[in-house]
Amino acid sequence: MSIIVNHLTYRYNEGTPMESVAVDDVSFKIEDGEFIGLIGHTGSGKSTLVQHLNGILKPTSGSVYYDGRDVFDGDFDLKVLRSNVGLVFQYPEHQLFETDVFSDVCFGPKNLGLSKKETELRAYKALKLVGIEDDFFYQSPFDLSGGQKRRVAIAGVLAMEPKVLVLDEPTAGLDPKGRDDLLLSLKQVKEETGCTIVLVSHSMEDVALYADRIIVMNHAKIVYDDTPVNVFRHYDKLKEMGLGVPEITSAMYKLRAAGFDVPTDIITVNDAVDAIMKIMRA
Amino acid sequence: MLRDITLGQYYPAESVIHRLDPRVKLFGTLVFLVSLFITDNFIGYALALCFLATAIIVSKVPLSFIMRGLKAIIFLLIFSVLINLFMTRGEVVVSFWKLSITKEGIYVASFMAIRILFLIMGSSIMTLTTTPNNLTDGLEKGLGFLKIFRVPVHEIAMMMSIALRFIPILMEETDKIMKAQMARGADFESKKLTKRVKSLVPLLIPLFVSAFRRANDLATAMEARCYRGGKGRTKMKPLKYKKRDALAYLIIFAYLAGMILVRRFF
Ligand SMILES: Nc1ncnc2c1ncn2[C@@H]1O[C@H](COP(=O)(O)OP(=O)(O)O)[C@@H](O)[C@H]1O
Ligand SMILES: [Mg+2]
Numbered sequence: 001m002s003i004i005v006n007h008l009t010y011r012y013n014e015g016t017p018m019e020s021v022a023v024d025d026v027s028f029k030i031e032d033g034e035f036i037g038l039i040g041h042t043g044s045g046k047s048t049l050v051q052h053l054n055g056i057l058k059p060t061s062g063s064v065y066y067d068g069r070d071v072f073d074g075d076f077d078l079k080v081l082r083s084n085v086g087l088v089f090q091y092p093e094h095q096l097f098e099t100d101v102f103s104d105v106c107f108g109p110k111n112l113g114l115s116k117k118e119t120e121l122r123a124y125k126a127l128k129l130v131g132i133e134d135d136f137f138y139q140s141p142f143d144l145s146g147g148q149k150r151r152v153a154i155a156g157v158l159a160m161e162p163k164v165l166v167l168d169e170p171t172a173g174l175d176p177k178g179r180d181d182l183l184l185s186l187k188q189v190k191e192e193t194g195c196t197i198v199l200v201s202h203s204m205e206d207v208a209l210y211a212d213r214i215i216v217m218n219h220a221k222i223v224y225d226d227t228p229v230n231v232f233r234h235y236d237k238l239k240e241m242g243l244g245v246p247e248i249t250s251a252m253y254k255l256r257a258a259g260f261d262v263p264t265d266i267i268t269v270n271d272a273v274d275a276i277m278k279i280m281r282a
Numbered sequence: 001m002l003r004d005i006t007l008g009q010y011y012p013a014e015s016v017i018h019r020l021d022p023r024v025k026l027f028g029t030l031v032f033l034v035s036l037f038i039t040d041n042f043i044g045y046a047l048a049l050c051f052l053a054t055a056i057i058v059s060k061v062p063l064s065f066i067m068r069g070l071k072a073i074i075f076l077l078i079f080s081v082l083i084n085l086f087m088t089r090g091e092v093v094v095s096f097w098k099l100s101i102t103k104e105g106i107y108v109a110s111f112m113a114i115r116i117l118f119l120i121m122g123s124s125i126m127t128l129t130t131t132p133n134n135l136t137d138g139l140e141k142g143l144g145f146l147k148i149f150r151v152p153v154h155e156i157a158m159m160m161s162i163a164l165r166f167i168p169i170l171m172e173e174t175d176k177i178m179k180a181q182m183a184r185g186a187d188f189e190s191k192k193l194t195k196r197v198k199s200l201v202p203l204l205i206p207l208f209v210s211a212f213r214r215a216n217d218l219a220t221a222m223e224a225r226c227y228r229g230g231k232g233r234t235k236m237k238p239l240k241y242k243k244r245d246a247l248a249y250l251i252i253f254a255y256l257a258g259m260i261l262v263r264r265f266f
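The listed protein sequences correspond, in order, to chains Y and X. According to my numbering, the first sequence is numbered sequentially starting from 1. According to my numbering, the second sequence is numbered sequentially starting from 1.
I should point out that these hints are in silico values taken from the structure, not numbers from a laboratory. Built from N, CA and C at the ideal position, the CB exists for glycine as well. A portion of the hints provided could be inaccurate.
Lysine-lysine pairs mimicking DSS-like chemistry, simulated, CA-CA at most 30 Å apart [claimed, not checked]:
1) Y:Lys-58 <-> X:Lys-240
2) Y:Lys-79 <-> X:Lys-240
3) Y:Lys-116 <-> X:Lys-237
4) Y:Lys-163 <-> X:Lys-179
5) X:Lys-192 <-> Y:Lys-128
6) X:Lys-195 <-> Y:Lys-79
7) X:Lys-176 <-> Y:Lys-58
8) X:Lys-179 <-> Y:Lys-187
9) Y:Lys-163 <-> X:Lys-198
10) X:Lys-176 <-> Y:Lys-190
11) X:Lys-147 <-> Y:Lys-117
12) Y:Lys-58 <-> X:Lys-237
13) Y:Lys-128 <-> Y:Lys-163
14) Y:Lys-149 <-> X:Lys-243
15) Y:Lys-117 <-> X:Lys-242
16) X:Lys-179 <-> Y:Lys-79
17) X:Lys-192 <-> Y:Lys-116
18) Y:Lys-116 <-> X:Lys-195
19) X:Lys-237 <-> Y:Lys-79
20) Y:Lys-79 <-> X:Lys-191
21) X:Lys-103 <-> Y:Lys-79
22) X:Lys-179 <-> Y:Lys-128
23) X:Lys-191 <-> Y:Lys-190
Quick look at which bits of chain X chain Y covers, simulated, 3 or more residues with Cβ under 8 Å [as the list claims (entries may be wrong)]:
24) 9-18
25) 111-119
26) 180-194
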């Protein structure tokens with residue numbers, strides 16, 4: 001069920017003076033079960049790129065293959081694609097519309113033509129996955145807090161039980177605790193459903209912990225596509241792009257520059273503590 | 001689909017028309033629209049075409065861009081042509097079934113078609129070459145004399161500029177919400193009418209919610225900056241007539257005189 005993006009280019013407002021290239025000749029492959037972090041500065045083309053993954057945008061040139069078949073091949077059923085590749089847009093809470101939380105989450109599976117029972121079962125499971133308690137099920141979605149609204153909106157896509165879940169800046173505008181909780185929920189979703197996750201963000205901190213592969217975009221192009229540790233080796237270049245590396249990795253680089261013999265391929269605070277303790281003892 | 005609406009959209013370019021004072025353009029458009037109703041023959045339309053064509057060429061807005069705006073009214077156009085073609089009585093040219101086309105019908109239908117086309121193209125030229133801000137500035141100043149009749153000109157202009165400013169924002173928002181609901185399997189292109197109308201609910205509710213949220217935010221922001229209406233308010237870039245504006249007025253009056261003469265003597 002891999003997704004292959006092949007030499008994809010997308011231009012907005014083609015044929016007008018406002019024409020601009022948002023994605024420029026991008027190629028990569030998403031394998032089953034991966035957790036990918038897609039990183040880039042604001043305006044680097046991340047949102048535009050991910051909207052191709054479920055056929056919402058049609059490339060100006062290039063192609064997208066799902067499961068070996070060209071998605072824009074005319075006889076490919078985009079509805080099937082959209083049920084398999086779930087896309088959570090930026091600020092997804094703006095798409096809530098139903099009178100209560102539960103019905104809103106049912107919207108997706110209902111559109112798939114599932115039975116009422118199956119629809120409700122999926123909605124229930126999805127809401128549980130993102131950590132929304134039963135008490136909220138029959139409240140108006142507009143009465144919830146920002147973080148809760150976002151969870152409900154994510155559940156709305158999860159309830160379609162996609163094989164690939166793409167989230168566009170799901171942590172934007174959340175407080176640090178809301179952010180950490182949400183990222184942890186995503187990790188749990190991945191563990192429980194076994195789906196592939198593509199997490200779009202402009203912050204390395206968000207993706208460093210859970211992603212096992214990071215794709216870095218800059219000015220509409222992919223510049224790095226590697227494991228987190230390998231990507232963070234381009235410390236200076238990332239800084240130039242306005243991205244930087246996680247604080248803790250940055251701290252290790254600074255220690256090293258100050259003459260301490262510490263490894264720099266460190267992402268978590270715990271590893272950093274271990275490494276520092278080791279040289280302290282030595 | 002939404003992008004086809006060019007009426008009320010600005011097309012950035014470097015041209016004399018873009019730089020004209022908005023009051024001149026407003027007046028010119030008004031004169032052009034009135035002139036279309038003065039005319040009762042095709043010679044007048046030829047003159048109007050010259051005026052329009054010159055304006056389009058000088059404005060440097062590609063014709064294809066202006067034509068795109070016509071897509072929105074294509075049904076109105078076809079409808080009015082058909083009605084006039086078949087409903088006008090007179091000398092029959094061809095007839096089939098219960099319908100007949102008359103000589104007068106052809107005349108009236110083409111007359112109407114040209115009038116509608118010119119109306120839309122004429123007003124598009126103004127909106128395409130004038131930023132919404134400039135347009136409302138022009139309206140506010142141009143209609144300033146109405147203040148003595150207690151017409152709240154400033155408030156009306158402000159409402160207009162906010163409305164114009166919100167059109168692209170709401171279009172973008174519509175686009176986003178539509179995409180988000182499509183990602184959840186919503187179908188906006190269903191053939192069945194009932195289904196289609198129903199499919200608008202997940203689009204319209206979030207759109208209204210967001211419009212109210214934005215209106216609220218804007219009101220707060222305006223109050224935070226001590227906005228209290230037009231009285232005593234100065235402009236950062238006050239409108240001032242230049243030489244080219246005088247010249248443009250001259251051309252507009254000459255055109256109007258020409259149109260009146262054509263009506264009298266042909
Ligand atoms: N609807 C749109 N119309 C025109 N240009 C757009 C639109 N959406 C995005 N862009 C432009 O495309 C580029 C990439 O935008 P986007 O994909 O949103 O980047 P990111 O998600 O990385 O912030 C930006 O330069 C942006 O201005
Ligand atoms: Mg984005």
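Quick rundown of the hints versus the structure:
no.: 1; hint: Y:Lys-58 <-> X:Lys-240; result: violated (47 Å)
no.: 2; hint: Y:Lys-79 <-> X:Lys-240; result: violated (57 Å)
no.: 3; hint: Y:Lys-116 <-> X:Lys-237; result: violated (61 Å)
no.: 4; hint: Y:Lys-163 <-> X:Lys-179; result: holds (19 Å)
no.: 5; hint: X:Lys-192 <-> Y:Lys-128; result: violated (35 Å)
no.: 6; hint: X:Lys-195 <-> Y:Lys-79; result: holds (17 Å)
no.: 7; hint: X:Lys-176 <-> Y:Lys-58; result: holds (15 Å)
no.: 8; hint: X:Lys-179 <-> Y:Lys-187; result: holds (26 Å)
no.: 9; hint: Y:Lys-163 <-> X:Lys-198; result: holds (28 Å)
no.: 10; hint: X:Lys-176 <-> Y:Lys-190; result: holds (26 Å)
no.: 11; hint: X:Lys-147 <-> Y:Lys-117; result: violated (65 Å)
no.: 12; hint: Y:Lys-58 <-> X:Lys-237; result: violated (43 Å)
no.: 13; hint: Y:Lys-128 <-> Y:Lys-163; result: holds (18 Å)
no.: 14; hint: Y:Lys-149 <-> X:Lys-243; result: violated (58 Å)
no.: 15; hint: Y:Lys-117 <-> X:Lys-242; result: violated (72 Å)
no.: 16; hint: X:Lys-179 <-> Y:Lys-79; result: holds (13 Å)
no.: 17; hint: X:Lys-192 <-> Y:Lys-116; result: holds (22 Å)
no.: 18; hint: Y:Lys-116 <-> X:Lys-195; result: holds (18 Å)
no.: 19; hint: X:Lys-237 <-> Y:Lys-79; result: violated (52 Å)
no.: 20; hint: Y:Lys-79 <-> X:Lys-191; result: holds (16 Å)
no.: 21; hint: X:Lys-103 <-> Y:Lys-79; result: violated (53 Å)
no.: 22; hint: X:Lys-179 <-> Y:Lys-128; result: holds (26 Å)
no.: 23; hint: X:Lys-191 <-> Y:Lys-190; result: violated (38 Å)
no.: 24; hint: 9-18; result: holds (count 3)
no.: 25; hint: 111-119; result: violated (count 0)
no.: 26; hint: 180-194; result: holds (count 8)
Violated hints, in rising order: 1, 2, 3, 5, 11, 12, 14, 15, 19, 21, 23, 25; the structure is consistent with all others.
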